[in-house]
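S.K.: When you get a sec, could you build the whole thing from the sequences and use the hints?
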Amino acid sequence: GQQVMQIPQYQHVQEGEDFTTYCNSSTTLSNIQWYKQRPGGHPVFLIQLVKSGEVKKQKRLTFQFGEAKKNSSLHITATQTTDVGTYFCASGGSNYKLTFGKGTLLTVNP
Amino acid sequence: DTGVSQDPRHKITKRGQNVTFRCDPISEHNRLYWYRQTLGQGPEFLTYFQNEAQLEKSRLLSDRFSAERPKGSFSTLEIQRTEQGDSAMYLCASSSGQLNTEAFFGQGTRLTVV
Chain H
83 GQQVMQIPQY QHVQEGEDFT TYCNSSTTLS NIQWYKQRPG GHPVFLIQLV KSGEVKKQKR
143 LTFQFGEAKK NSSLHITATQ TTDVGTYFCA SGGSNYKLTF GKGTLLTVNP
Chain F
3 DTGVSQDPRH KITKRGQNVT FRCDPISEHN RLYWYRQTLG QGPEFLTYFQ NEAQLEKSRL
63 LSDRFSAERP KGSFSTLEIQ RTEQGDSAMY LCASSSGQLN TEAFFGQGTR LTVV
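Top line first, the protein sequences correspond to chains H and F.
Residue numbers for the first sequence follow the numbering used here, beginning at 83 and rising by one.
Residue numbers for the second sequence follow the numbering used here, beginning at 3 and rising by one.
Here are the simulated distance ranges between beta carbons: (1) 87/H <-> 87/F: 21 to 27 Å; (2) 159/H <-> 64/F: 42 to 48 Å; (3) 141/H <-> 43/F: 27 to 33 Å.
These stretches of chain F come out as covered by chain H in the derived footprint (C-beta under 8 Å, 3 or more residues): (4) 45-51; (5) 103-116.
For the record, the hints were derived by calculation from the structure and aren't laboratory data.
Ideal placement from N, C-alpha and C gives every residue a C-beta, glycine not left out.
M.R.: Below, the structure is given as structure tokens:
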């Protein structure tokens, strides 16, 4: 997969505030996946986006894939302490292997 | 099936020793991957198997690393003559299917080389 850059690297919010992480590439992506890794845990799949301009929702989480398929975002509405963890985007490439960004570490103050 | 399992969970070894890790993927998954993750970084691709065939290996992977998947089921990752820079979390993942290529990760093996 193509290289992806994630911002911000860290985000600290008060419980109830919203959170957004962004994933950018200089080249067109075939697809983008999002994973969540809790502290001390392993990456867990959240969603896959394939189509240009695609928007998918999972309860308080909203995922978007840009029209040019070069960027993606994950937005969490009204964060909860259970949202704590590192959120990674990953681009899919040949042999279905994933190229991960460095992730955004989210901490939530109760 | 309880998902992808890895053994051991932790390994401490002296520099220069050889280590071997095992991964048991989800049984019906034909694709198996090894990734390495260091602190503050995302998982980095190491190698990929489709059934028993190793189809891709990262160019960054030293020749001290070797992986096998002899019967297309479990896989082993061996690191020879370990170095301190090999200290990392080694993650195994498996997947199947054509459209949704979700990867299921194991808990990982944390290697510390002292």
